[in-house]
Every structure is written in structure tokens, then in C-alpha cells.
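**Student:** The chain contents come next:
Number of protein chains: 2
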Amino acid sequence: MRKKLFIPGPTEVKSEVLEKMANPLISHRGKEASDLQRGISQKLQKLMYTHNEILLSTSSGSGLMEGAVRSCTRQRAAIFTCGAFGERWYEMAVANQVNADRFNVEYGQAITSEMVEQALKSGNYDLITITHNETSTGVMNPIEEIAKVVQKYPDVIFCVDTVSSLGGIKIPVDELGIDICITSSQKCLGLPPGISLCSISEKALLAAKEVKHRGVYFDLLRLYEYLVKKDYQYPSTPSLSHMFALDYQLDLILEEGLENRFQRHQIMADKVREWAKDNFSLFAEEKFASNTVTCVKNTNGFNFKKLNQRLAEKGFMISGGYGKLKDKTFRIAHMGDMTVQEVEELLTTIDEIMEQEG
Amino acid sequence: MRKKLFIPGPTEVKSEVLEKMANPLISHRGKEASDLQRGISQKLQKLMYTHNEILLSTSSGSGLMEGAVRSCTRQRAAIFTCGAFGERWYEMAVANQVNADRFNVEYGQAITSEMVEQALKSGNYDLITITHNETSTGVMNPIEEIAKVVQKYPDVIFCVDTVSSLGGIKIPVDELGIDICITSSQKCLGLPPGISLCSISEKALLAAKEVKHRGVYFDLLRLYEYLVKKDYQYPSTPSLSHMFALDYQLDLILEEGLENRFQRHQIMADKVREWAKDNFSLFAEEKFASNTVTCVKNTNGFNFKKLNQRLAEKGFMISGGYGKLKDKTFRIAHMGDMTVQEVEELLTTIDEIMEQEG
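Respectively, the protein sequence lines represent chains V and G. The first sequence begins at 772 in my numbering and counts up one residue at a time. The second sequence begins at 772 in my numbering and counts up one residue at a time.
Check before you lean on any hint, since a few could be wrong.
Derived lysine-lysine pairs resembling DSS-like cross-links, with alpha carbons at most 25 Å apart [as the list claims (entries may be wrong)]:
#  : chain 1 : residue 1 : chain 2 : residue 2
1  : V       : 774       : G       : 775
2  : V       : 802       : G       : 1097
3  : G       : 1001      : V       : 1099
4  : V       : 1097      : G       : 785
5  : G       : 785       : V       : 802
6  : G       : 785       : V       : 1085
7  : V       : 1001      : G       : 775
8  : V       : 1001      : G       : 1000
9  : G       : 892       : V       : 1001
10 : V       : 1001      : V       : 1048
11 : G       : 1099      : V       : 802
12 : V       : 802       : V       : 1001
These aren't lab readings, by the way, just hints derived from the structure by calculation. The model shown is predicted, which means the values in this text are computed figures rather than measured ones.
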């Protein structure tokens, strides 16, 4: 039985969007390919509230995260982490010989603007990375407050991982001064996994010019220069299938209306949070609880494996805890094209199962 | 009007294979995902005549080329180049601070086993890269002869780019002692672009363990270790859509029969080469002419742009010259699922256009 995915990626994809994945192929070097990528970029600029250029990458979001920290750190990066995905960014810096320091908060807590200020005022850093929405803990970091601090340091490149938030909550890239804003297809954008994208500022591009060894595939400057030189084309052969689907899905997203989309995510999040508090408790501190994924602290020792098995029989799938939170938490994603009604159906179904299982 | 692609990637994809790209998604962390990737690996081992493990990468083939030279060069790499894709491999080594020397032959010529012997006997190299089929010049390098030489140097990691040949000609990986054999989806495998793969030997994995900074996304050892630890899963979210299509297309390839498939490529190549010699001339030295793409030297100054425009009106597309060969050559791909009849139709159509245009 096909299971509806309430996991934090891949999320459900509308069948009309899936159909675009099956479009016959075109040359990646013709005018058609340029028009396709240019159109995608223009629509993404609306979604991201930015005038910056958009880079596409045939990879998961991790690829662009690695590319950002490697391409644009001139001296030293400050990596803020409140969960598994922040840690991954630090691991990427180290594996690429990028000088970096890690600033941790306890899992479930948020990164604070004070921490960021403390780090940046040392003058040691010229790049900072923030996970906007930490998928492993269900924490959404206070990006507006953090941005206010970062903007006081004009030499610092501000990189934000919005992999599990962009498209589900407003992220006004230019207003926040985000230099590199990264996301991928399979979360709030409601597309199949396999393509990722970022906006990139002039400042970040200038920084990359000062970095000598940026690699090739994830060299953000190379992606940008190729795009300029070849009128919105990609240095190697991109996943055209994903581009067809992305182009179409962005039309649907803009048709829904961005404010409506964000509002829908807010309502879904409120419902899941209330339910979680009634039955279990929230893993994240409530004021930083994510609008796209709820991490539920399994306070009453309910057998999650059994729950997900029973849900599977009814055509639903939710997610276990991530990494070291595996046995202590489980997660319900409410992102992408999921509707409020579908979320309600899921919660009712879980209630029924819990009642039956006692 | 939809144009049938006789370009060296993306190639035509059967509609039943395209349909698999539109499959609803599954979790990339469940048993279903493991079963999918394991099945793909087993089928690829047949296609590659190897017992080595298979790594998948959500990226173009370039990503794995970069990963191979970066992950497995302990001391110094010898990069053999006879065209644009060999040069790209050298560029990747340099951009990743991998010590490397480049050995060039003139465009149109093949890499010889003598050159390889000369380089390896210096004792300076512990990794060698060869482009099996150089898509830019239509040269297929004598991989069997080269392999015989490389096998005399058991410490050398043998990396082969078979991006535009694997699936179109027999490449017996184990017999040739290839440690890392790389290909991507959109050429002879007859799939949409967006996924690439390689086989990897125990020897290459041991070499990677000695290399300190291998990056993350294209760290071949990490891909391998994750696969072992998580029963054929991928460290980040892979392009499941491509995996559905790859799995299905491999069944079709094995049903056609590998020998039949290679034979069909041989017949298509013979037809295009004879036609090219009758009307123009071959850019590649004939004994090294590729079985998957023919690079035609535009000896009679025919207006290629006009030709391709006229072909477009009739629903065909061929390819111009690559990079510095842009104006001197054009290319006809005869790879993937293209049939002999389709190739004949193309050639007849070009004949008609040439006659009309005088």
C-alpha cells in the first residue's frame, strides 16, 4: 500500500508535478535549456524575495552547503549548530581544510543572536553558517534577530541552510542580508529529491574570488560564471527532468500565493503542536518550534515502531528520531503541498491507533 | 516540434522509462530504498562485468570524476588527455590540490599504451585516469592495451571515465583491472541526466583511507561506508526518481542482451562512419573511432548551423563541435536505445538536405 509521506523529506509531490519528471528530454546546450533555467531563476527570486542570482545544482542540498563553506571562506568560518545538520556543515568545513570553529547549543535549543554577536565581534570570522530550520530537532532558529547582528559585520558572508524551511515560511533574503541561501527540492518546495539551489550575493562571489582551491563541481563561482557566460546554462549536464518539474511547481506555488502558502504552514504547525502537547511533549523549546516539522518528545514511552507499522497499514508514514534522538523522539513533517485536512486525518488516525493500543 | 536527440547526451529515453521518473516517492531511509539500490547495484555489476561494489551519486558524471581523483590519489596522479573531458579531469585535480601531471595527445589521436608505460615506469604515480571514450573528439582509446600496462603496476589506482561508452560497448571491469569505472545516466544507458555511478575496487577503497582531505559529497569512501552500514542507502537524499528509472531500464538492457546491445552499437557506428567518410571525413584516426559517437570533420565547409536548423524542422537534432573543435567538426551520437533504422533515417534526411542546399 502506498504511504502518504509525513516525513521531513521526501514530501508528497502532486501528480501533475510528477508527470513533468517524465517530459521527453532536450539538449542542455540549446536556447530551450537557457529559457528553462532563466525562468526558474526568476520565479525563485520571487519566492526568496531577492534580486541575487540563483544557482541550481544537480545534487542534494548537502552539495551546495559544502560548496558554500568551501568556496567563500577566506580566513575562518563560524559554524553554529543546534542539531545534526549544523554538525554536518562543520564536518564539511573540516573535510575541505576550511578553518572553522563550531558553536553548539544543546539539542532542542535555538541559536541565539547573542551567541552570534559574541563570536563575530572577535573579528576571527569572515563567514558564518546558520541552519534556519534544524530538521533533526524541530527547532526554527530566530533568523531575523540573528540577521540583525550579522548585518553589523559587512565583511562576513552570511550562509543559511533553509533546506527544510524555504517555501514553507517567509525568508526575505535581501532584507535579512543573506549572502547564500540554500535549499533543496524535496521538502517545502514539494518536489522529488535530486536538485538543490541557492541565491548568491555579489559579496559572496567576490569572496569566492579570493579563495584559491574551491574544487570544481560545487565551486559556486564557477556555477555563477558559467551561467553568465552561457546565458543560464549549467557546466555539466543537469537534471533537466527536475528542472521541468521545478519550473512547473513554482508556477503552482506562485498561483497559491506566497502568503497563503506560509499561512497554510502556520495552521498545520499549530495543529500538530497542539496535538503533540496534548499527548506527548515538544522536543524543541516552544517559542522556537518549527513551522514545517514537529519533533515530538516521546514522553509516555509509546512504541513508535509499532505506531508507524500501524500507520503504514492505513497509508501514512511519519518519521523516527534523527541520529542520537532516534529513540527519544519522533517527527511529523507538515510541509510542502500537504493540506490542513490531510494533517488532521493523520492526527486522527494516530489517536485511533493509540486508543486501540492503549 | 519535438526533436529526436542524436547528440552525445542527453540521448533519447524510452517513454516507458520516462514514466518511471514520475513514480510517487518513497522514504530514502526505509527497506524499500535499500532494496531498490541493492537491486540496481546487482544489475550494474552484470553490465560492468564486475564483482566490485557500485556507488551511486546524485550528480552528473563530473562529480564522480572529481571524487575519484580527490579521494584516491595518495601521492600523484597521471592524467591522460586526448580532448576536453580528459582536460576536465586535470582541472579537477588542480582545483582540489591533488598533485597531478597531464599527458596530452593531439585532438583526434588516441592515448597509447606506450605513453602510459613511459609515465608509470617513472614510479611517480599512484593513480591514473583515462577517458575511455572522448566525447569531444570521437576517439575511443585502446583500453585493453592500456589495461595490460597498468596491471603491471599493482600500486596504481586505475580510474576510467566511461561516461559516453558504458552500456554501448563491452567494458569488462574486473578483467581489465579497472579500480574505479565511472559512467552517467544520459548517454549509452538511455536515461535522463541527473545520476551517475561507479564501480570501486577494494584497492581503491584502501587508497582512499590514506587520503586525509577527501571532502564530503564526493568522498567515495564515505559513499561506500554508508552503503555498507545502512544496507545500500545514500548519505543524503538521493534522486529516487532516477533510481526508479535506472532500475527499470537495467531490466530492459539485460533483456535486450548485452552482446546484442553492443552489436547494435557496432552496426550503428559502422553506418555513420561509412556515411561520414563518403561525405566528409572522420576527425578521429579511424582505428580509434568511437562506437558511440562520430566526430565528423567538416571538410567540405558545409554550413552546420543551417544543417541543424533544417534537421530541427524534420524532428532531428545532431551536435556541433565541442570547445575548440566547434567550427571544424560536428558530431552524431549513436548510443543508448537508438535503433539502426533511426540512424539510417537520420543519415537519409541529412543527405536530402545536403542535396537541396547544394
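**Student:** Now look at each hint and say whether the structure bears it out.
**Tutor:** Each hint, compared with the structure:
Straight-line distance between C-alpha atoms of residue 774/V and residue 775/G comes to about 37 Å, which puts the hinted pair past the 25 Å bound. For the suggested pair residue 802/V and residue 1097/G, the alpha carbons sit about 17 Å apart, so the restraint of at most 25 Å is met. Distance restraint check for residue 1001/G and residue 1099/V: the Cα-Cα separation of roughly 20 Å lies within the 25 Å cut-off, and the hinted pair is therefore satisfied. A C-alpha spacing of about 42 Å is found between residue 1097/V and residue 785/G, which places the hinted pair above 25 Å, so the restraint is violated.
Taken as a hint, the residue 785/G and residue 802/V pair is honoured in the structure, with Cα atoms around 24 Å apart against an allowance of 25 Å. Restraint check for residue 785/G and residue 1085/V: not satisfied, since their Cα atoms lie roughly 35 Å apart, outside the 25 Å limit. Pair hint residue 1001/V plus residue 775/G holds up; C-alpha atoms about 23 Å apart against a cutoff of 25 Å. In summary, the hint linking residue 1001/V to residue 1000/G is not supported, as the alpha carbons are separated by about 42 Å, beyond the 25 Å threshold.
Distance restraint check for residue 892/G and residue 1001/V: the Cα-Cα separation of roughly 42 Å exceeds the 25 Å cut-off, and the hinted pair is therefore not satisfied. Among the hinted pairs, residue 1001/V with residue 1048/V is inconsistent with the structure: their alpha-carbon atoms are about 53 Å apart, more than 25 Å. Restraint check for residue 1099/G and residue 802/V: satisfied, since their Cα atoms lie roughly 22 Å apart, inside the 25 Å limit. For a cut-off of 25 Å, the pair hint linking residue 802/V to residue 1001/V stands: about 10 Å separates their Cα positions.
Of the numbered hints stated above, those contradicted by the structure are hints 1, 4, 6, 8, 9 and 10, listed in ascending order.
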